[in-house]
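Enquirer: Spelled out, the chains give:
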Amino acid sequence: MVSEKLKVTNSQGFHMRPATLFVNEMAKFGSDVTILFNGNKVNAKSLMNLIAACIKFGAEIEVQCSGDDEEAALAKAKELITSGLGEE
Amino acid sequence: MLKGIAASEGIGIGKVRIISQQKITYDTKPVIGVHKEIDRLHDAIDTFIDKTNQLADEMEKSVNPKEAKIIRGHVTMLSDPFMVSQMDELIKNDNKCAEAAAETVLDMFKNMFQQAGDELTRQRATDVEDIKTRLLRILLGIEEADLKHLPPGTVLVTNDLTPSMTAEMDHENVVGIVTESGGMTSHSAILSRALEIPAVLSVLNATATLKEGSNIIVDGINGEVIDAPTMDQQEAYEQRREDYFEEKKRLQAYVGKRTETADGMSKEVFCNIGNPKDGIAARDRDGEGIGLFRTEFLFMDRNSMPGEDEQYEAYKKVCDTMEGKTVIIRTLDVGGDKEIPYMNLIKEDNPFLGYRAIRYCLQNEDAYMLQLRALVRANHDTGGNLWIMVPMVASISEIMQVRKLVAKAAEDLSMPIPKVGTMIETPAAFIMADVLARHCDFFSIGTNDLTQYIMAADRGNASVAYLYKTYDPAVLRALRSIISAGKKAGIPVGMCGEAAADPMLIPLLISFGLDEFSVGPTSVLHTRAEINRWTKAQADEVAKGVLQLETAEEVKMFLKEAIK
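These protein sequence lines are chains G and X, in that order. Oh and the first sequence: position 35 is 34 in numbering that gives the first Met the number 0, straight run, nothing missing. Oh and the second sequence: position 243 is 242 in numbering that gives the first Met the number 0, straight run, nothing missing.
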């Protein structure tokens, strides 16, 4: 398993649109993707769970990936989150 | 007459069509074959996705792409493979039928969304409910209410207008919408505004009280529903509807235009707002900035002071919404007529002359610093167009103290110092305006309180209401001298009271040299149109006449004539 601590930088956080983008991208990997936030483990490949987690702007999260392509999955997750999850 | 929330402007006159969503019931059947049951669920989900995509396609064409995204979101939500596999598990392990499995899982997410600490997520709960209802209908083979074929002049009366209903609705023929639930930012409100259909929401028991097929008037301007109107009412509202359309057409010409006088002097029309959501209205109504963001909403209806981060988010949200335009935020204006229980303010005999606004804040420096830090951070993170406005300043030393605190907050955070200005509302601030201007980056005149303090007349007291008039020469002289003091010092001067939107006062304010008019979001275009009527020379002519008059009544009569 690989993991990295990140900060959510887009103003909407993981709301509908940014979360959809994130989930769709993560679906391309075979690895499990989990976000640790506020002491909870969130399945980051599930849109509904991600929205329910209510991860907002400024949140400190940890992304964990585990599986055959875990390195690539984590790199992509990091790229998406630090670049603002598609928000303009 | 029934009262509700005015959620979409306009007046609709038509006949009632009630769509009441009854609770869907089904018998929990024993599962005969697990795989068959799972297939049944997946077939229903596929049907849901096909139908919803079709709806979204139609909506994209007929309404607008933004609203279609809400519907498209339902597809994305129900396509979550992990959620669907949870439903499968319930069929497999708990022997639940497809309906019960879907309902259990969707209800679980609905509850999770509802309990989320933020408004946007809570609103998504409505979507989950909508998805559930439609999926259950598909599973049970229940026909949806036919909204595709409605007679012209239909007023839709329903519990809640769901996105899917809106998408299906034959909106050409719908002249009004009445719902039992929903507020200004609900889907019902957003969708009816997008469709430009007058709507009144949160009308209690509307589906039970109103009668199918009866005549009805929906007044989306005042939030009123008139059931079975008399001939007179019918005629009066037809006239109002016509006036509304005409005015709307006239004002449409000012959308996206700069605000300027007839001879090309630039002015600005800003908006007064009371919470971050109103910021959206301000932007949509073409406000050129925010002239007054009242921050009291953050402090009210709760048991303790909001933290720095919570305040920061609210301030940042408005700045983000306004996309780099000026946002003037007034620091906490507690006291007077605004009570906040946990602040333990003692009841005073004379609250308007008492412990309020900046007087309270400077005595409670720790709490005030939180607000100032949140403002400094929001200013820094959104490009530096946030201005801090201080209410109820009566002495120069107050504004000096605030400036010191703002500078300290900025230094602690290693961030730039935002602009700081005074909301001019006390006679002392007006008399000292020339000195005060040296310590301020801007002025904004709060005419509501300024009038009551200059006239020494409580605006809530009917017996002295005759004195409370912005047209009084005493008030007008104050306005003139405040604006001129600001201009001499080279700082911008705005106005954030009702007077800024008053067509009778606009020529005077142009003549005095006011730069920025801050009005309610719905008055932006109207104010811009009124400013555009006058040249500076014409406005000066009006002002010259007015300043020779002696009483408020004379001024009012003179101005009435002048704006004809």
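Hints may be right or wrong, so weigh each one.
Unchecked claim - Subject to a maximum C-alpha distance of 30 Å in a straight line, what follows is the list of computed DSSO-like cross-link-like pairs (lysine-lysine):
1. X:K316 <-> X:K403
2. X:K563 <-> G:K6
3. X:K403 <-> G:K40
4. G:K77 <-> X:K559
What the hints assert, rightly or not - A partial selection of chain X residues facing chain G, derived with a Cβ cut-off under 8 Å:
5. G72
6. V74
7. F81
8. M111
9. L119
10. T120
11. R123
12. E142
13. D145
14. F296
15. F298
16. D300
17. G323
18. I395
19. H525
It should be emphasised that the hints constitute simulated quantities derived from the structure, not laboratory data. Every residue, glycine too, gets a C-beta built ideally from N, C-alpha and C.
Enquirer: Measuring from the C-beta of X:D145 to each C-beta in chain G, is the shortest one below 8 Å?
Expert: Where the cut-off is 8 Å and the nearest Cβ of chain G is about 30 Å from X:D145, the hint is violated.
Enquirer: The hint names X:G72 as touching chain G; please verify it with the least Cβ-Cβ distance against 8 Å.
Expert: With a closest approach of 6 Å, the X:G72 hint holds.
Enquirer: Given X:G323 as an interface hint, is its Cβ closer than 8 Å to any Cβ of chain G?
Expert: It is violated, given that the least Cβ distance between X:G323 and chain G is near 13 Å, above 8 Å.
Enquirer: Below or equal to 30 Å on CA atoms is what counts here, so check G:K77 against X:K559.
Expert: The hint is violated at about 64 Å.
Enquirer: Mind checking the CB of X:V74 against every CB in chain G and telling me if the closest is under 8 Å?
Expert: Violated, because the Cβ-Cβ distance from X:V74 to chain G comes to roughly 10 Å (cut-off 8 Å).
Enquirer: Is the interface hint satisfied for X:T120? The criterion is a beta-carbon contact with chain G at less than 8 Å.
Expert: 5 Å, holds
Enquirer: Does X:K403 sit within 30 Å of X:K316, going by the straight-line distance between their CA atoms?
Expert: 26 Å, holds
Enquirer: Would the pair X:K403 and G:K40 pass a check requiring their Cα atoms to be no farther apart than 30 Å?
Expert: Cα-Cα ~45 Å, so violated.
Enquirer: Next item in the hint list is X:D300. Is there a CB on chain G closer than 8 Å to its CB?
Expert: The hint is violated - X:D300 has no Cβ within 8 Å of chain G, the shortest such distance being about 21 Å.
Enquirer: Have a go at the X:F81 hint: is there a Cβ in chain G nearer than 8 Å to its own Cβ?
Expert: For X:F81, the interface hint holds, since the closest Cβ of chain G sits about 4 Å away, which is under 8 Å.
Enquirer: Identify whether the interface hint at X:L119 stands, where standing means a beta carbon of chain G within less than 8 Å of its own.
Expert: This interface hint holds because 6 Å falls under the 8 Å limit.
Enquirer: Does X:E142 pass the interface check with chain G, least Cβ-Cβ distance below 8 Å?
Expert: 28 Å, violated
Hints 2, 3, 4, 6, 12, 13, 14, 15, 16, 17, 18 and 19 from the earlier list are contradicted by this structure; the remaining hints agree with it.
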